[in-house]
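*Asks:* Chain residues, written in single-letter form:
2 protein chains.
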Amino acid sequence: MTQNIKEMQQQIDLLGLTLRPHTKAHKIPALAQMQIDAGAVGICTSKLGEAEVMAKGGIHDVLITTPIAGAVKYHRLIALCKEHPKTVIRQVIDHPEHVKAIARLATETGIEVGLLVEVESGQMRCGVMPDESLVELIELINRTEGVRYDGIQAYSGHLQLVKGYQVRQQTAFDAVRDVFAFIDTTLAPRDLKPGIVSGGGTGTFAAYPGLGYTEIQSGSYIFMDATYAAIGDELCDVTNRQFSPALKVLTTVISHPAANRAVVDAGMKSLSIDLGMPKVTTYPEVTYQCGGDEHGILHLPEGHRQLKVGEVLTMLPSHCDTTLHNFDVLYGVRDGMVVEQWAIEGRGRSD
Amino acid sequence: MTQNIKEMQQQIDLLGLTLRPHTKAHKIPALAQMQIDAGAVGICTSKLGEAEVMAKGGIHDVLITTPIAGAVKYHRLIALCKEHPKTVIRQVIDHPEHVKAIARLATETGIEVGLLVEVESGQMRCGVMPDESLVELIELINRTEGVRYDGIQAYSGHLQLVKGYQVRQQTAFDAVRDVFAFIDTTLAPRDLKPGIVSGGGTGTFAAYPGLGYTEIQSGSYIFMDATYAAIGDELCDVTNRQFSPALKVLTTVISHPAANRAVVDAGMKSLSIDLGMPKVTTYPEVTYQCGGDEHGILHLPEGHRQLKVGEVLTMLPSHCDTTLHNFDVLYGVRDGMVVEQWAIEGRGRSD
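Heads up: the sequence lines are chains B and G, in that order.
First residue of the first sequence? That's 102 in our numbering, and the numbers climb one at a time after it.
First residue of the second sequence? That's 102 in our numbering, and the numbers climb one at a time after it.
It cannot be assumed that every hint is accurate.
Heads up, the list lumps identical chains together, so a pair's fine if it works in one copy or across two of them.
Result set (BS3-like, lysine-lysine): computed pairs, CA atoms no more than 30 Å apart in a straight line [what the hints assert, rightly or not]:
#1 Lys349 with Lys409
#2 Lys183 with Lys157
#3 Lys157 with Lys187
#4 Lys409 with Lys201
These are computed hints drawn from the structure, not numbers from a lab.
Modelling step: build the complete structure from the supplied sequences, incorporating the hints.
*Replies:* If you want it as structure tokens, here you go:
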């Protein structure tokens, strides 16, 4: 994990970019601080609840990458900014309603909130189109007291897991070309050029040097799950060799009812399966099948040596983010010894 | 929820069976107590960690339905039995290793642990075959000090979600017919007939009257997720009308970037997708698409009225167990008002 942190920072530095790691992968302020200590400018969180955890945990620069809505959330955002006046807290938005509601409360409280406008970058999720609607939203921010136009977010989440390095880099570049063209042809001449352009991820960061991104939001590189490891990098088109899988789940063999079948005590509530099955790193030739909430069924190839009931196996999750979300504590292991433990303070903070 | 608890107890009573609800669905001792107060004999937990929560929470009869293994777990099981001498704690096992390890520690501690042998019932997960290996395991328990042969578990988890009432009932019956035949032809004559036969679930309980089950482990009926609601019951082959969906997730519209697309703030870390997509109960004509860990993308049919940014929608999860596992608190709602709240004490206790 520490090697991954160092490696990504070096790569981002070499590309002449700035790193703002997405911490939804780990949700632990101490790890966010390690990323900042390695050279990151600050961090991203997906949710306001995670931002509350990070600000309370001493992180001084937080970008909330998902729009918020509803009176309760707006009040919480303003309260968070007020409680941490020395922390830079920025909020991504994509609708006039966001601007007006945040501005009204900010003005009442006597503060100013920095906003990033999310721009459609091929994902068809949140985000305004890079057309006149973007101009109108920026102009609304600029003429509204209590909010500040800090830049835009252009994140193509749907491309992070495209397999094959070359095709992913080209697709990622193509997905945001219109956004940067619009900045040059329309925003810049009107003096609306964004100060910050934030986006990119573990899959796509290398596609963006020189394009106009000022911050790269890569987050999954810290753990590198089986899905990310399989997308390839510039060294190999089918395996990512730049980063190493660092999040493992230990599971115990609890049953061995047949020569070709054993059962472990980790099911969907330990190893999420939303991006496929986890890998059995102890025995790569053994495959894992989800056996329900609490069981994993292992299929042994013919002639494989029998496992021992009670034997502990190491599993590599297919999706780190949703796997870690099942646990309350992360253990730091070095040379086979547990040397650290961190409460996953942001777990469950999807609020 | 309270109506579902009452309804299942009535149905089980009418079938002449006994209910031992599986509490992995809710993981809350107070709800387990409500099920017992309604007439259940005790409860099931999937894991030792959940059993610790339930015993500590005052539940006096607990069956742990998944085998355990490894010295740490065996010690914890014995400690749990010792700390709660008035609580009946039974453990499901399927291997001589389980019997020997539990017996050794139980004898040292001066207690006796009740064991149920899991028998293969078509799921191909844990469980010995209903043949001589079952006889040998029962005889091992019977001649080993510190453990007690209390019965068997025959659970066909893979059939719970078979669609169509008639086909599910027949398939469920067929899956365990061999087990009961073996009990009659082989175990009974040798005086090894199980005192307890535990199994069945929300999908299959009605298939088992008269077959030999002494306890039904239904659990999901308390909440009835979208997947369970779609399997049908005796009243309707495609919808379950006996039980009502009771677990809902509230989510807020955070973005509405296009007329046919809105975004809500609940993704995979709130509404699990392992059994498919959740339903939008507020607008049944709107479909939910997973938009990542923290986003849900709503697709509106042409001409649908636009949603308001900040509007709160009600979602019906596709899978209650893994959805509830994302949260720390469950709120009890009656007539639109929050009247109760329960800490989900067993959340994360897959240990």
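*Asks:* As a check of your reading, is Lys183 near Lys157 (CA-CA no more than 30 Å) within one copy, between copies, both or neither?
*Replies:* Close inside one copy (12 Å), not across copies (41 Å); limit 30 Å.
*Asks:* Between the shortest in-copy and the shortest cross-copy C-alpha distance, which are at most 30 Å for Lys409 and Lys201: within, between, both, or neither?
*Replies:* Between. Shortest inter-copy distance 14 Å satisfies the 30 Å Cα cut-off; intra-copy 62 Å does not.
*Asks:* Could you figure out if Lys157 and Lys187 sit no more than 30 Å apart (CA to CA) within one copy, between two copies, both or neither?
*Replies:* For Lys157 and Lys187, only the intra-copy Cα distance (12 Å) is at most 30 Å; the inter-copy one is 44 Å.
*Asks:* My question is about Lys349 and Lys409: at a cut-off of 30 Å on alpha-carbon distance, are they close within one copy, between copies, both, or neither?
*Replies:* within (20 Å within a copy, 42 Å between copies)
Taken one by one, the earlier hints all hold for this structure without exception.
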